[in-house]
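Number of protein chains: 4
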Amino acid sequence: MFNSFGEIFRFTTFGESHGKAIGVVIDGVPAGINFDEKFLINELKRRRPGQNRFATQRKEEDFPEVLSGIFKGKTTGTPIAIVIFNKNAKSNDYSNIKDIFRPGHADFTYFNKYGIRDYRGGGRSSARETAARVAAGAVAKMILKEFNIEIEAGIIEIGGIRAEDIDFNYSKNSPILALDKEKEKIWMDLIDEARKNHDSLGGVVKLRIKNTPIGLGEPIYYKLDNILASAILSINAVKGIYIGNINSHKLKGSKNNDEINKNGFLSNNSGGILGGISNGENIELEVYFKPTPSIFQTQKSIDINKNEVEVNLKGRHDPIVAIRGAVVAESMAACVVADMLMINSTRRIDNFKKIYY
Amino acid sequence: MFNSFGEIFRFTTFGESHGKAIGVVIDGVPAGINFDEKFLINELKRRRPGQNRFATQRKEEDFPEVLSGIFKGKTTGTPIAIVIFNKNAKSNDYSNIKDIFRPGHADFTYFNKYGIRDYRGGGRSSARETAARVAAGAVAKMILKEFNIEIEAGIIEIGGIRAEDIDFNYSKNSPILALDKEKEKIWMDLIDEARKNHDSLGGVVKLRIKNTPIGLGEPIYYKLDNILASAILSINAVKGIYIGNINSHKLKGSKNNDEINKNGFLSNNSGGILGGISNGENIELEVYFKPTPSIFQTQKSIDINKNEVEVNLKGRHDPIVAIRGAVVAESMAACVVADMLMINSTRRIDNFKKIYY
Amino acid sequence: MFNSFGEIFRFTTFGESHGKAIGVVIDGVPAGINFDEKFLINELKRRRPGQNRFATQRKEEDFPEVLSGIFKGKTTGTPIAIVIFNKNAKSNDYSNIKDIFRPGHADFTYFNKYGIRDYRGGGRSSARETAARVAAGAVAKMILKEFNIEIEAGIIEIGGIRAEDIDFNYSKNSPILALDKEKEKIWMDLIDEARKNHDSLGGVVKLRIKNTPIGLGEPIYYKLDNILASAILSINAVKGIYIGNINSHKLKGSKNNDEINKNGFLSNNSGGILGGISNGENIELEVYFKPTPSIFQTQKSIDINKNEVEVNLKGRHDPIVAIRGAVVAESMAACVVADMLMINSTRRIDNFKKIYY
Amino acid sequence: MFNSFGEIFRFTTFGESHGKAIGVVIDGVPAGINFDEKFLINELKRRRPGQNRFATQRKEEDFPEVLSGIFKGKTTGTPIAIVIFNKNAKSNDYSNIKDIFRPGHADFTYFNKYGIRDYRGGGRSSARETAARVAAGAVAKMILKEFNIEIEAGIIEIGGIRAEDIDFNYSKNSPILALDKEKEKIWMDLIDEARKNHDSLGGVVKLRIKNTPIGLGEPIYYKLDNILASAILSINAVKGIYIGNINSHKLKGSKNNDEINKNGFLSNNSGGILGGISNGENIELEVYFKPTPSIFQTQKSIDINKNEVEVNLKGRHDPIVAIRGAVVAESMAACVVADMLMINSTRRIDNFKKIYY
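Protein chains in written order, with numbering that gives the first Met the number 0: chain H, 0 to 356; chain R, 0 to 356; chain W, 0 to 356; chain C, 0 to 356.
Quick caveat, the hints were computed from the structure, so don't treat them as lab data. No experiment lies behind these values; they were computed from the predicted model shown. Warning: the hint list may mix true and false statements.
Identical chains blur together in the list; that is why a pair holds if it fits in one copy or across any two.
Stated by the list, open to error - No farther apart than 35 Å at their CA atoms in a straight line, the calculated lysine-lysine pairs in the DSBU-like style are these:
1. K353 <-> K209
2. K254 <-> K97
3. K86 <-> K353
4. K305 <-> K71
5. K37 <-> K19
6. K97 <-> K261
7. K86 <-> K171
8. K195 <-> K71
9. K19 <-> K299
10. K195 <-> K353
11. K97 <-> K305
Please construct the entire structure, taking both the sequences and the accompanying hints into account.
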């Protein structure tokens, strides 16, 4: 229950950052989909650290082994297990902070919850777990491709400086996934400065889902928006989400309502969701990432015996998690949409008649 | 699956705004809790419309009938069903918009999803459904009371004007649940003005959970924060949520990390959650409500046959949903925390030994 | 979780035998099905006690009130809540056994599990709860009718005397649902004798599902057979189930395997299920009911303070539960098949293309 | 959903008989349990084929690699992934029946359900998948050991010949897990004869759970008995289950009811479960296995193009699946009991007070 997500399209992840492997089992994938292993590898590459100076320099090969669920290039309807063995796990990197809680990290809460401390680089709470989500998301995207549904995400804000012009095509080739060409350089400078100062930065990701049919989302507690929120807030370092126009709460109804004519909606303040159900417009949302908690300045903390200590972290970490987080957000959104597509198909008796007769 | 929420403490709601009744079945409530029916009635009263000019003038009696699960004043461990019969359901109020989609409302998406239109006042998508959530939340709060856990919520922003001083005690007696005495009058004037102009307002609710033990929240996909997000975003008109300091995404890590000493955390930017698990600090979050979509100005829309029309709504509606929404947000948060308390108790073998030996 | 059954077609029941009401909330019913309230009433009548001397003489009116989910005679896709108010609940019938555990009953285990004793006629563990299942089953059957799937059940064995000729049509008009006209009289005599002797009888129900499409059932843990087993064994007094030829475990493979030709299977030892998936043949199974535990002879027991006592029950009870249990078994099977139909429709990408294009 | 079992203790299996690997992810294991890898290996060995002439002579090494969830010999509360790589997978063994449906097997239904045929030895429907269940069961047994709960299973009937004296200790050293020393030789002869005749045999397993506390099982739909039934019937080749005295349905209430005195129950016809809840007695049940469908006689069947064909299987198969099936039944029962232990701990407010105060 705890390490699974979704209802019909349902995946389960496992693994610790410094254990033998991480992985995912994806259940509920319909039979008959072309399985594109190259695409899977490429999605993992998009998330992978160590690719440029804007991300951690750790090298993780992240090579996915597909253990089940595929036969002759097609999904069979059985669970797809994907394992990524950890090849670069140096547990000794962490020995100096073995008994110390790192500010902003989960080690304090994990230790108090479970009574056990896997001090090796975050263990289960490490962002490394998100590679398994990206593998699940890659499979979800293979499903969405059958319906021409596309998901894209990029950086809309770093260090409080916000994009003015949004261009998802530009971000696809930007090393920091910048949505705004004009701001890209400013943001890069901010990141360089933060790294130099042994500090880190928060940021905001804008995510867009195109070509969703009307009808996705299950009132009242499995709505498209609340499950997207659950998916997105489960990602490490995410603190907030906003669906649609991020000023809606400041607006009057007369400005915020999206009027309709025969061609569709005249605006999209709703972000493509009404009453928890997709309305056929683009689904748009923003994701708020806190700054990377791993910084290289001296910080006050305690150890597992409640002694006060000073923490000085070593190692390599992203100066900003939002960039790689954008790929993870895409992946989680893809899983939600795939799940919703399948569930929605069961909500009208007419649909069954198309299948069973 | 769709109309249920929670895993162990799990409730299921039913009912349409203009049907015979709405209600809730609450499963998983432990045996032996004092059932406080007066408290239940009072919680429903807090959400109820028609109490002052800042909310809709519709009168709904909202009297809860408890049908099961209680014996001699105590919970028995069996499901608690609570039904509220609709006594004030005038379907004819809605006959003039029978075939017309109201901008900002869910009738467009419901009709396209289900192929059927229950045009009577929103049907299932009506905010009236939230009374059933408040009933569930009241039962959850009875559980939380056993652990001294308290949940409180109030208004922190209306019309873009934000509170400066936060006082949860003040809000308890404010007709608009204002958290800031100084801003209360300004906000009231904004609401009066919006009503006079046949318009509506969005707003922001701040919610706080006090006295939670460390350890609530189940990594990786049933974290305290992502399930709170799911709970809160499932509420009508909510478009966003932010956990902790709402500027975290703008901050540097050196400012955002909460340092620790032997007495606890030196700040609470995290909003009391690290790695998806409560850290013992107050849990704090903000909820972003869009303006009430029901406004009384002429709006462009289409009917079910795709003819373009002008909509002119009648009836009575809240000029701002955030106020009553604060009570609903409290209720949903209470359900999440009750659920997490129970699940967390199963996560260490030591705990079982206390019970079974 | 505990009081719900099914995944997509998912119902939740509530209520105690001597509380205010019992009821059910049925979620996941597709929109657009003709809701046949007369059929619902009739199904409840089939299960209802007090209809002839072969069942308890208690009168229960069992009138269902449909509170939600239906608009203009059709399902809307929202949850259908059905409540049956208890009109004949005389708690005093049970005062003499208030503190005593009745042999064969659940009061011993409920008390020890929950620490609370609702001594009024079995409370939640009463067979009265099965009326809520029959209401859910009636709605499931409305769905199955769209696919011409039929479910029928009757008595195949009482008191160790087994039917020789099986005739489901005959059982439909038999007061004891006898599948064998020749055995009907013998069985009736056994029942009369048991009642006269203040005793009770066990029995066996045979259940058949006709016209199921090939493909229902989800390997590996939501197979058609294991979920039917879960559904059936959840019924009060059921101790066993057998799918297909009840001698399969005694047979050799060469006798038990069902050979195949172009017209289908040459025998049906499998009971219509292979690998957990329906194979297009009739689904056939047997259900084993223990004798009614409420007998009117002196029995040894203890009270809640562990004092040894003699129990002498009063009141009215079925001399055999298998007869009315047959109707409940049908209902549970209907719910399983409805659920499986919906889930199966999501298992091939081809199916989605029929719906979304 | 489909390939997972359990609610709190919840495992998910994956893998095909002739794919790269099979495996299991076990979620919900409490932190702090000593992880006994040798025991895991030994449990898998007990299920493993090729150990004597009463089972298939195929060699499967079944070496489990534990990928996650363990740190310094203890469970950490995170998911435990166990993978068994397939080392002996010869796909060509099956090429001669590539397009032919084998009588009694799942290939007909899988093909018709999914539209795809993984003809390699049963694929997902192969009994090889049960190794993953045994791995999950081994972990469940590590939990049960903390409570002194024991599960044992053996053969009580083969070829219609039933044990007279039951001795679980004897079965532990019997090559066919015979519960009756006197019948062991007879049963062995039957198996030898079946093998010689290219035929197979069905059988019955008796399973017993000792030292369960009172209170396990969650009414109404997650009862101990109906979930055991679901667990057991999900095992390949199982057609039936019976809880308690297998003659209960033939008995009168006066014989079947278990009377009570201050020391406990005077008999155990109920099989240790009343109202779906354990009553403190041994839990006892029987499991009915059909004969192995793989026999080496000529059988009539069809191919995927509906041409009539004769099937002649080659390869190596168990002459009787009930023996190795007994180990799988134990494993599934262990998983159910572990799950129920955890859930039950949440059903009384008193229990929480022991944990949180």
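These are the hints, each one checked on the structure:
1. Taking CA atoms no more than 35 Å apart as the test, K353 paired with K209 passes in both settings, with 26 Å inside one copy and 21 Å between copies.
2. Proximity of K254 to K97 under the C-alpha cut-off of 35 Å is restricted to the inter-copy arrangement: shortest distance 24 Å between copies versus 54 Å within a copy.
3. In this assembly of identical chains, K86 and K353 lie within 35 Å of each other by CA distance neither inside one copy nor across copies; the values are 49 Å within and 41 Å between.
4. Taking identical chains as interchangeable, the C-alpha atoms of K305 and K71 lie at most 35 Å apart only when they sit on different chains, with a minimum of 22 Å there against 57 Å within one chain.
5. For the identical chains of this complex, K37 and K19 are neighbours both inside a copy (24 Å) and across copies (19 Å), given an alpha-carbon limit of 35 Å.
6. With identical chains, the CA atoms of K97 and K261 are at most 35 Å apart between copies only, with a shortest distance of 18 Å across copies and 63 Å within one.
7. In this assembly of identical chains, K86 and K171 lie within 35 Å of each other by CA distance solely inside one copy; the values are 29 Å within and 42 Å between copies.
8. Taking the shortest alpha-carbon separations for K195 and K71, neither the intra-copy value of 50 Å nor the inter-copy value of 37 Å comes in at or below 35 Å.
9. Proximity of K19 and K299 under a CA criterion of 35 Å is satisfied intra-copy only: 32 Å inside one chain copy versus 49 Å between copies.
10. In this assembly of identical chains, the alpha carbons of K195 and K353 never lie at most 35 Å apart, being 61 Å within a copy and 50 Å across copies at closest.
11. For the homomeric pair K97 and K305, the shortest alpha-carbon distance inside one copy (14 Å) is at most 35 Å, but the shortest distance between copies (54 Å) is not.
In summary, the numbered hints that this structure violates are 3, 8 and 10.
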